[in-house]
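Starting from the known structure of chain X, fit chain H with the ligands onto it as the hints suggest.
Order-wise, the sequence lines are chains X and H.
Residue numbers for the first sequence follow this note's numbering, so the first one is 1 and each next one is one higher.
Residue numbers for the second sequence follow this note's numbering, so the first one is 1 and each next one is one higher.
Note that these hints are calculated values from the structure, not bench results.
Every residue, glycine too, gets a C-beta built ideally from N, C-alpha and C.
Possibly wrong hints are sitting among the right ones.
To be verified - Derived coverage of chain X by chain H (criterion: at least 3 residues anywhere in the stretch with Cβ under 8 Å from a Cβ of chain H; other residues may be distant):
#1 49-59
#2 76-90
#3 165-178
#4 248-258
#5 432-446
#6 491-500
#7 547-556
To be verified - Now the stretches of chain X that chain H is said to cover, found in silico as 3 or more residues with beta-carbon under 8 Å:
#8 230-236
#9 381-391
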Amino acid sequence: MVDIPYEGIEGIPPAEVPDVELYHPRSWWTRYVFSQDAKVIAVQYSLTATAIGLVALVLSWLMRLQLGFPGTFSFIDANQYLQFITMHGMIMVIYLLTALFLGGFGNYLIPLMVGARDMVFPYVNMLSYWVYLLAVLVLASTFFVPGGPTGAGWTLYPPQAILSGTPGQDWGIVLMMSSLILFIIGFTMGGLNYVVTVLQARTRGMTLMRLPLTVWGIFTATVMALLAFPALFVASVMLLLDRLLGTSFFMPSLVEMGQLSKYGGGSPLLFQHLFWFFGHPEVYIVALPAFGIVSDLISTHARKNIFGYRMMVWAIVAIGALSFIVWAHHMYVSGMFPQFGYFFATTTLIIAIPTAIKVYNWVLTLWRGDIHLRVPMLFALGFIITFVNGGLTGLFLGNVVVDVPLSDTMFVVAHFHMVMGVAPIMVVLGAIYHWYPKVTGRMLNDTLGKFHFWVTFLGAYLIFFPMHYLGLLGVPRRYFELGDTSFIPSSAYSLNAFISVVALTVGFSQIVFLFNLAWSLFKGEASGGNPWRATTLEWQTPETPPGHGNWGKELPVVYRWAYDYSVPGAAEDFIPQNQPPRATQLVQGAAS
Amino acid sequence: MAVALILLLVAIGSVLFHIYSPWWWTPIATNWAYIDHTINITFWITGFVFVAVIAFMAYCVFRFHHKEGRRADYNPENKRLEWWLSVGTGVGVAAMLAPGLVVWHQFVTVPADATEVEVMGQQWQWSFRLPGKDGRLGTSDVRNIAPDNPMGLNRDDAHAQDDVVIENGDLHLQVGKPVKVLLRSVDVLHDFYVPEFRAKMDMVPGMVTYFWITPIRTGTFDVLCAELCGAAHYQMRAKVIVDEEREYHAWLEQQKTFAELSPARAVVKATYQSGGK
Ligand code: HEM
Ligand SMILES: [Cu+2]
Ligand SMILES: [Cu+2]
Numbered sequence: 001m002v003d004i005p006y007e008g009i010e011g012i013p014p015a016e017v018p019d020v021e022l023y024h025p026r027s028w029w030t031r032y033v034f035s036q037d038a039k040v041i042a043v044q045y046s047l048t049a050t051a052i053g054l055v056a057l058v059l060s061w062l063m064r065l066q067l068g069f070p071g072t073f074s075f076i077d078a079n080q081y082l083q084f085i086t087m088h089g090m091i092m093v094i095y096l097l098t099a100l101f102l103g104g105f106g107n108y109l110i111p112l113m114v115g116a117r118d119m120v121f122p123y124v125n126m127l128s129y130w131v132y133l134l135a136v137l138v139l140a141s142t143f144f145v146p147g148g149p150t151g152a153g154w155t156l157y158p159p160q161a162i163l164s165g166t167p168g169q170d171w172g173i174v175l176m177m178s179s180l181i182l183f184i185i186g187f188t189m190g191g192l193n194y195v196v197t198v199l200q201a202r203t204r205g206m207t208l209m210r211l212p213l214t215v216w217g218i219f220t221a222t223v224m225a226l227l228a229f230p231a232l233f234v235a236s237v238m239l240l241l242d243r244l245l246g247t248s249f250f251m252p253s254l255v256e257m258g259q260l261s262k263y264g265g266g267s268p269l270l271f272q273h274l275f276w277f278f279g280h281p282e283v284y285i286v287a288l289p290a291f292g293i294v295s296d297l298i299s300t301h302a303r304k305n306i307f308g309y310r311m312m313v314w315a316i317v318a319i320g321a322l323s324f325i326v327w328a329h330h331m332y333v334s335g336m337f338p339q340f341g342y343f344f345a346t347t348t349l350i351i352a353i354p355t356a357i358k359v360y361n362w363v364l365t366l367w368r369g370d371i372h373l374r375v376p377m378l379f380a381l382g383f384i385i386t387f388v389n390g391g392l393t394g395l396f397l398g399n400v401v402v403d404v405p406l407s408d409t410m411f412v413v414a415h416f417h418m419v420m421g422v423a424p425i426m427v428v429l430g431a432i433y434h435w436y437p438k439v440t441g442r443m444l445n446d447t448l449g450k451f452h453f454w455v456t457f458l459g460a461y462l463i464f465f466p467m468h469y470l471g472l473l474g475v476p477r478r479y480f481e482l483g484d485t486s487f488i489p490s491s492a493y494s495l496n497a498f499i500s501v502v503a504l505t506v507g508f509s510q511i512v513f514l515f516n517l518a519w520s521l522f523k524g525e526a527s528g529g530n531p532w533r534a535t536t537l538e539w540q541t542p543e544t545p546p547g548h549g550n551w552g553k554e555l556p557v558v559y560r561w562a563y564d565y566s567v568p569g570a571a572e573d574f575i576p577q578n579q580p581p582r583a584t585q586l587v588q589g590a591a592s
Numbered sequence: 001m002a003v004a005l006i007l008l009l010v011a012i013g014s015v016l017f018h019i020y021s022p023w024w025w026t027p028i029a030t031n032w033a034y035i036d037h038t039i040n041i042t043f044w045i046t047g048f049v050f051v052a053v054i055a056f057m058a059y060c061v062f063r064f065h066h067k068e069g070r071r072a073d074y075n076p077e078n079k080r081l082e083w084w085l086s087v088g089t090g091v092g093v094a095a096m097l098a099p100g101l102v103v104w105h106q107f108v109t110v111p112a113d114a115t116e117v118e119v120m121g122q123q124w125q126w127s128f129r130l131p132g133k134d135g136r137l138g139t140s141d142v143r144n145i146a147p148d149n150p151m152g153l154n155r156d157d158a159h160a161q162d163d164v165v166i167e168n169g170d171l172h173l174q175v176g177k178p179v180k181v182l183l184r185s186v187d188v189l190h191d192f193y194v195p196e197f198r199a200k201m202d203m204v205p206g207m208v209t210y211f212w213i214t215p216i217r218t219g220t221f222d223v224l225c226a227e228l229c230g231a232a233h234y235q236m237r238a239k240v241i242v243d244e245e246r247e248y249h250a251w252l253e254q255q256k257t258f259a260e261l262s263p264a265r266a267v268v269k270a271t272y273q274s275g276g277k
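Excised from the complex, chain H in its bound form:
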């Protein structure tokens, strides 16, 4: 029966495509292999159900398609069968949900030794900030944004002075060190997305969001914006470079702090205090 065969081929073809197609996730670069495992579990369970349902359907079409003299059964319901199918489905769902929730717990529980970095999105570029010597990021506010203070850092906050500010550059991370990525936007929604990291999170003006990762291998990775943010959304790019400790520190040495980048600071502050702003 041609129809039954085609239906079956759709199922088999899908499985073969899954196995042999060259398109698969990127080699992972962080600790979130757990997420990949959860996806794999989900593929197994859903793949099984998919093939089973379609094979059953194809069989029915093959076996029970209309022929002269065939008459259908009269079979309104079967409580036991329906009950068993529901329970079976419940078990399958639980088998996906349980690992998912466990991994989600890890995902939202930032380890105490994670260092912070900040990523700021704006139409249509990325800026980055590292805490500097004091290990703390200073406060910020969109109202502070000025040509010499593009990230809107708070000039009165001592913690901000030594923050490392990276405008139009790439972000470097150190391999093996957990890092909490703080996300902030000054205009519209953006989303800091590095496919190899598996993690992503929207950046919302007026809020600070975050995720955490531990990079597990060195390399250079593309940063994309994954939340529609206007005309040049597709061009909002940067790179993250995961370094060994030595290279990382060598790179860090060359970066400028907020205080160094804003020499006009004293003047601006003076006008501000005299009510000039």
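So that you can see chain X by itself, here it is in the shape it has in the complex:
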């Protein structure tokens, strides 16, 4: 390993930060509400995302009730079902996961992990949160407007999205587009911050190749998001114009409810290209932070350096870059020019290679480790299983001709839930158990945590693994009811009922987690500054929770990479990144 300086570089003077560079809160309001401190903003983002995420969770129960027991719940009709899937999908992907990983974890961890006092542009960072909150409120308001939220599916495909055969055509769709536009504006403010902070505000000694993988994951995802969201932005604006001003960007001449409409000349496929040019990278915008975080969880709790760090970094960058040239794998059966299939199938399957490398390196990190099966580690293991499962079914859907029978069936629903629903959520939960002590100074309860893990992991697996086989059978997605068919056996309905029961169980069991979060805040065991004995900088702060400005008078100086666990000859099984090398403690040439 190149980057472990055994030769003495002792005595680098810490960088000095003049006081004026820091923003100081002067009142309760500017400390906790209109705060410019990234840590407070992170908590605001996380709480807002969780709140709206719970709405999406409740919607999933309603959908599962309908799918598991069709005809039983008269308060759910076909229109509502479509509204539920749309809001559920959009909230989960954008307003929960994207906001939580970038706005939540990004804000909290980036400055701490790179050894900065705060984000580079604290004021813009604060604005980013408030615009995000506005976006969430606009989105939530659609439940209360006439006609309700849009039921166009989270993909919002025109012409259907803005025509009268779809619920929410009056207000719902307009507010949805507006909310997305706001979200993107808010995200861009935050995103520029994360990128500039990582590039410009790293402390002395923190080279790029010494960054923890968490930072690499969030950083790359943010760069991708900055490049991908504009496509969604213009698509949203154009769709709004089509809807409100009668332009025809996406609207060919067509019949609406038996009448020739005023539209003509536009292209529905154009929207799909724009949407997926954003939408595929979006999958990795959620996945890359998860990749990064899980690497650090595994390494810390297995007391072992992450295997193949450089390969891991390059894999993240390669996946990020490649994911901009695979978008049309979502459009194999969209009616686009069929010859495109060769290109997009090839690029899509090539991404499997760097992705597989990451998986190998995670499990190889476990090899000859000292694996502490604490809750964050359990969630990391759960992540690996669900991610491998979902990644492998992606090879079905990416391989153009195999996608033909499977697209738009429950196979797809099962696949993307496994890979971008369950797997990232495993990481989010593991990460919360891992960093909660830093944020609050207290540990989460371990017993409740283990219970939470097993119910959530096994339950989620039981929900989504069998679902693939319904899709293989041919059960279509976004169906309110399956009705009479000759090919769906009655056993499939029993399976649906089973899945629904498990889904409700898993959903309700999250109460245990919420309780744990609230209870431990006051009653949890005091954690100290570095309960996991981890190497990265956020665990080395002088105070826990870290105070304003993160570090005391002096910024930490970094002497080593983030993964000096169990270094041979060292007294402890971890060496913090900011610990100066003392040659006496280390055996020369230990790195093989």
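Chain H with the ligands alone, transformed into the frame defined by chain X:
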């Protein structure tokens, strides 16, 4: 070790579920068994990787979980191992991609002797059209749609006159004859999906899309809409019936042509020409 065991059981349970669960694809009714084969190859390769990765992980958890006095190895990287794993993965990927692309080539290459049929989607029903005696489908345009011309055929096109138009009926196909299914929509996206056919394709207003199949067995099959198309998406149903040649022709005899279905044709045309439209 309980955790290791449970992880292993997840892998084994998944494989057993795959083998013994009653839910599997429908018996195929077209020539696209190639697609099924490709799926099978993919199942073998991915299934192997899945079990291998989880078994390895479970073993690590079993063998290396924390015990008093255990210390992890220090092992930053191993170029050779990483290289071999990448190459191995590349080979596995190629083994799935290559047959996939070959079959895709067949899928998008319509045989010259395929006859055409047209399927039209609209909220929320299907209509079908066959070429008639001249073997050619006439042109169409949404602007022609009228109560007596629901598919929007072009009245001035001679090829359209003998087209067989099936409103609110079922589509019949002849077994063993390749057919190119032309797909069209007049309002929003739909998708013509028959699980037993394995093929599907979106129908996009303003475009004509297609796929081709050769039915290989007779029977009655459900048509579903597989692209969200609004409130009654889930109710958009029809049937395709694959017949032997004799039954097929018997059925075809009874169908009406466009000219027969639109007796008001002459009048409408007159107004149209005098600028009445
Ligand atoms: C236990 C948790 C969850 C359950 C039970 C669940 C259930 C469902 C159900 C029943 C559907 C509709 C299927 C259909 O009829 O097509 C759906 C759609 C969807 N879900 Fe989830 N879901 C869960 C978590 C998540 C998470 C964490 C994500 C984040 C990525 C997510 C993203 C989506 C998306 C994108 C859709 C598609 C919406 C659409 O078709 O427009 N779900 N989910
Ligand atoms: Cu994609
Ligand atoms: Cu439809």
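Against the structure, the hints come out as follows:
no.: 1; hint: 49-59; in the structure: violated (count 0)
no.: 2; hint: 76-90; in the structure: holds (count 3)
no.: 3; hint: 165-178; in the structure: holds (count 3)
no.: 4; hint: 248-258; in the structure: holds (count 6)
no.: 5; hint: 432-446; in the structure: violated (count 0)
no.: 6; hint: 491-500; in the structure: holds (count 3)
no.: 7; hint: 547-556; in the structure: violated (count 0)
no.: 8; hint: 230-236; in the structure: violated (count 0)
no.: 9; hint: 381-391; in the structure: holds (count 5)
Hint violations for this structure: numbers 1, 5, 7 and 8, all remaining hints satisfied.
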